[in-house]
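*Asks:* Here is how the chains run, residue by residue.
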Amino acid sequence: MVNQEGILTKLTEGIYTQEDLELLLGDVEEANRWVYKGGSVPLSKKISGSVSEGFRKKIESLESEENLPGNRKELAALFRNLLENLEKMVKAKLTLAFAPSDEFLTKLAGWFEAQTGKKIVLDIQIDESIIAGCRLEYSGEYRDYSLGEKLEAVLDQEIKGLV
Amino acid sequence: MKNYEDYLKETGEVGNIRSIVQSIVYVSGLPGVKPKEMIVGEGGQRGIVQALEADLAEVLMLDTHGLVSNLPVARTNETFTVPASEGLLGRVVDAFGRAVDGRGPIAGEKTNQSIEPTAPGIERRVKVNKPLETGVAIVDLLVPVGYGQRELVVGDKKTGKTTFLLQAIANQASQDVICIYVSIGKRQDDVKTIENYLRKKNVFGNCILLTANAADPVTMIYLSPYAGMAVAEYFRDKGKNVLIVLDDLTNHAKFYREISLLLQRTPGRSSYPGDIFHIHAALLERAGNIKISSGDMVSISALPVAETLEGDITGYIQTNLMAITDGHIFFDIDEFRKGVRPAINPSLSVSRVGNQTKQPIDRELAQLVREDLSRYSRSLDIAKFGVELPEKTRAEIDLGEKIGVIFNQDAEGIVPRSLQLILLGLLFSGFWKGKNANLVKVDIIKMFQKYQKGDFSQIEKEVTRATSPEELMKLVGKHQSKFSEALYV
Numbered sequence: 000m001v002n003q004e005g006i007l008t009k010l011t012e013g014i015y016t017q018e019d020l021e022l023l024l025g026d027v028e029e030a031n032r033w034v035y036k037g038g039s040v041p042l043s044k045k046i047s048g049s050v051s052e053g054f055r056k057k058i059e060s061l062e063s064e065e066n067l068p069g070n071r072k073e074l075a076a077l078f079r080n081l082l083e084n085l086e087k088m089v090k091a092k093l094t095l096a097f098a099p100s101d102e103f104l105t106k107l108a109g110w111f112e113a114q115t116g117k118k119i120v121l122d123i124q125i126d127e128s129i130i131a132g133c134r135l136e137y138s139g140e141y142r143d144y145s146l147g148e149k150l151e152a153v154l155d156q157e158i159k160g161l162v
Numbered sequence: 000m001k002n003y004e005d006y007l008k009e010t011g012e013v014g015n016i017r018s019i020v021q022s023i024v025y026v027s028g029l030p031g032v033k034p035k036e037m038i039v040g041e042g043g044q045r046g047i048v049q050a051l052e053a054d055l056a057e058v059l060m061l062d063t064h065g066l067v068s069n070l071p072v073a074r075t076n077e078t079f080t081v082p083a084s085e086g087l088l089g090r091v092v093d094a095f096g097r098a099v100d101g102r103g104p105i106a107g108e109k110t111n112q113s114i115e116p117t118a119p120g121i122e123r124r125v126k127v128n129k130p131l132e133t134g135v136a137i138v139d140l141l142v143p144v145g146y147g148q149r150e151l152v153v154g155d156k157k158t159g160k161t162t163f164l165l166q167a168i169a170n171q172a173s174q175d176v177i178c179i180y181v182s183i184g185k186r187q188d189d190v191k192t193i194e195n196y197l198r199k200k201n202v203f204g205n206c207i208l209l210t211a212n213a214a215d216p217v218t219m220i221y222l223s224p225y226a227g228m229a230v231a232e233y234f235r236d237k238g239k240n241v242l243i244v245l246d247d248l249t250n251h252a253k254f255y256r257e258i259s260l261l262l263q264r265t266p267g268r269s270s271y272p273g274d275i276f277h278i279h280a281a282l283l284e285r286a287g288n289i290k291i292s293s294g295d296m297v298s299i300s301a302l303p304v305a306e307t308l309e310g311d312i313t314g315y316i317q318t319n320l321m322a323i324t325d326g327h328i329f330f331d332i333d334e335f336r337k338g339v340r341p342a343i344n345p346s347l348s349v350s351r352v353g354n355q356t357k358q359p360i361d362r363e364l365a366q367l368v369r370e371d372l373s374r375y376s377r378s379l380d381i382a383k384f385g386v387e388l389p390e391k392t393r394a395e396i397d398l399g400e401k402i403g404v405i406f407n408q409d410a411e412g413i414v415p416r417s418l419q420l421i422l423l424g425l426l427f428s429g430f431w432k433g434k435n436a437n438l439v440k441v442d443i444i445k446m447f448q449k450y451q452k453g454d455f456s457q458i459e460k461e462v463t464r465a466t467s468p469e470e471l472m473k474l475v476g477k478h479q480s481k482f483s484e485a486l487y488v
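Residue numbers (numbering that gives the first Met the number 0), protein chains in the order written: chain C, 0 to 162; chain D, 0 to 488.
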């Protein structure tokens, strides 16, 4: 019995940003195209060179653990399902004043997961005008925790005082 | 004016456009959004939330430029409003209250009027008790309209409905009533013709032309009568009487049907949505005679228009509107083809509350005219047999024709009540006895000219004091020599 949730978790390991997710979506689509092509060679071999090495290795590992269905029809259905689930992944838009490092991103993603209890994909935008802090859009809510916004509020207050 | 960023900071809620169907979009996010709330897109596009689904909000977009999938939108926590001010007078504006006449933006302080407020309750309403003169003799006598009344103007295309409405506007605007003409999905050149007519009559300073042209987004056309009514309410609250013309609501219903079908609402009769009656009733309910906070009585009189096809007044929207309004004036295509102007069919027209505004003499005169017209129509049927007609039948036909001549009125002429009384007084006192209808027509044209010069100002004052048709005939009879002199010497 194939554990779809387990496969999804494995494939989304190390996926933190919208870009990562888009790459993964591209890889899954590519893998899906190879299901009926290339004869009875294992899928991880067939897709070698067409997808990212990380994804190929994950598929190889799933194959060795016999976690992927052997039937091609079932495999194609699994990939379609995966695509749907990946597109439905919860996203948060985060505006920062700098490009975050991988380490920082991992921390950030971990913090989000701990706060919300689910895996969140971050759509990172860079806007230097916010100076520091961040702007966050999540689940329809918008919060501005930027220094730029605070400075503007202070400036407005000062101007009002002068007028 | 606040923009997307301002609203975003204020409400703290953001969403994204998920799909676009013409001018309707489906938005995800915005957890606290409410129906009828305005939302604003990143590019400044405005929309109104029509309905809420489990994860999506259905939004009618008023601006369709730059609409793309995934476009961020923000809540505003406001309903859609129209900026109303005195500056709108004498201007042509769109449903947003923006000037579209090329004369620059609307100046001055503006009040944001909600386009769909709750209509005044019964405790604020006052009986329709004051006549609204349209300046069109046949209407003022046989189908009278009162201030605060909602009278449907129904008829085929090109039967003179707009001409009548413009005459009514010109007459009312000259009496300091604020007149709002809402053009719903009409062509731009039709709007220009209306503007030119009102400018020519020197009354445009008391008028507002609110237009949503056929080329505008369907949602904007749908909202235009509401925006017009909101502007009317602004002037009403300022203590001014308002006359609003909604030209036309059958067109409005068609645009609403388009929106509803795009929204995948279940189509009902003639594919109209089930709430089509409600949306028109809710709109027209806002008109009426209202007591305002200062204790004064002010009115919004509404003249909605409905178009018929080959004189069929039994259509779905037409009958709906007849049920909503306080009567209707029917423009008959058959009368129009016979050359009757205005082509109003008095026997198929109704005014449910207009008669209570009239003085007893007007009611009695109307009764006399109605009886004579009915006899005339019966005698005409007899005359079709081609037999030699008895004297009485000939007299009835003759009188009927002369009444027709008095009621015949071109687009330029506005007949005030005093002149209507003089003409009917002359007719019933036998002034034109023995003269054929064509000669009477010439006399009436001459009288109209003399009247405009003020030649009958003394008689005018006297006839308006008459209390019964007999008294009127006596008064007019007393001045017969003066009329003869004015006409024939």
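Note that these hints are calculated values from the structure, not bench results. Do not take every clue at face value.
To be verified - Listing some non-contacts, in silico: residues in chain C with all C-beta distances to chain D over 12 Å:
#: 1; residue: Asp26
#: 2; residue: Lys56
#: 3; residue: Leu135
Claimed, not checked - Here are the simulated lysine to any residue pairs, SDA-like style, with alpha carbons at most 25 Å apart:
#: 4; chain 1: D; residue 1: Lys1; chain 2: C; residue 2: Ser51
#: 5; chain 1: D; residue 1: Lys1; chain 2: C; residue 2: Lys118
#: 6; chain 1: C; residue 1: Lys118; chain 2: D; residue 2: Lys129
#: 7; chain 1: C; residue 1: Lys90; chain 2: D; residue 2: Asp54
#: 8; chain 1: D; residue 1: Lys8; chain 2: C; residue 2: Leu74
#: 9; chain 1: D; residue 1: Lys8; chain 2: C; residue 2: Ile14
#: 10; chain 1: C; residue 1: Lys92; chain 2: D; residue 2: Glu52
#: 11; chain 1: C; residue 1: Lys92; chain 2: D; residue 2: Asn2
#: 12; chain 1: C; residue 1: Lys92; chain 2: D; residue 2: Leu51
#: 13; chain 1: C; residue 1: Lys90; chain 2: D; residue 2: Gly42
#: 14; chain 1: C; residue 1: Lys90; chain 2: D; residue 2: Thr10
#: 15; chain 1: C; residue 1: Lys90; chain 2: D; residue 2: Val67
#: 16; chain 1: D; residue 1: Lys8; chain 2: C; residue 2: Gly160
#: 17; chain 1: C; residue 1: Lys92; chain 2: D; residue 2: Pro71
#: 18; chain 1: D; residue 1: Lys440; chain 2: C; residue 2: Ser128
#: 19; chain 1: D; residue 1: Lys8; chain 2: C; residue 2: Leu135
#: 20; chain 1: C; residue 1: Lys87; chain 2: D; residue 2: Gly31
Think of the CB as a built atom: it goes at the ideal place given N, C-alpha and C, for glycine as much as any other residue.
*Asks:* If a hint holds in the structure, say so; if it does not, say that too.
*Replies:* Hints versus structure:
| no. | hint | verdict |
| --- | --- | --- |
| 1 | Asp26 | holds (22 Å) |
| 2 | Lys56 | holds (32 Å) |
| 3 | Leu135 | violated (10 Å) |
| 4 | Lys1(D) with Ser51(C) | violated (47 Å) |
| 5 | Lys1(D) with Lys118(C) | violated (36 Å) |
| 6 | Lys118(C) with Lys129(D) | violated (70 Å) |
| 7 | Lys90(C) with Asp54(D) | holds (15 Å) |
| 8 | Lys8(D) with Leu74(C) | violated (47 Å) |
| 9 | Lys8(D) with Ile14(C) | violated (30 Å) |
| 10 | Lys92(C) with Glu52(D) | holds (23 Å) |
| 11 | Lys92(C) with Asn2(D) | holds (20 Å) |
| 12 | Lys92(C) with Leu51(D) | holds (24 Å) |
| 13 | Lys90(C) with Gly42(D) | holds (22 Å) |
| 14 | Lys90(C) with Thr10(D) | holds (20 Å) |
| 15 | Lys90(C) with Val67(D) | holds (19 Å) |
| 16 | Lys8(D) with Gly160(C) | holds (22 Å) |
| 17 | Lys92(C) with Pro71(D) | holds (11 Å) |
| 18 | Lys440(D) with Ser128(C) | violated (80 Å) |
| 19 | Lys8(D) with Leu135(C) | holds (11 Å) |
| 20 | Lys87(C) with Gly31(D) | holds (21 Å) |
In terms of the numbered hints stated before, the structure departs from hints 3, 4, 5, 6, 8, 9 and 18, listed from lowest to highest.
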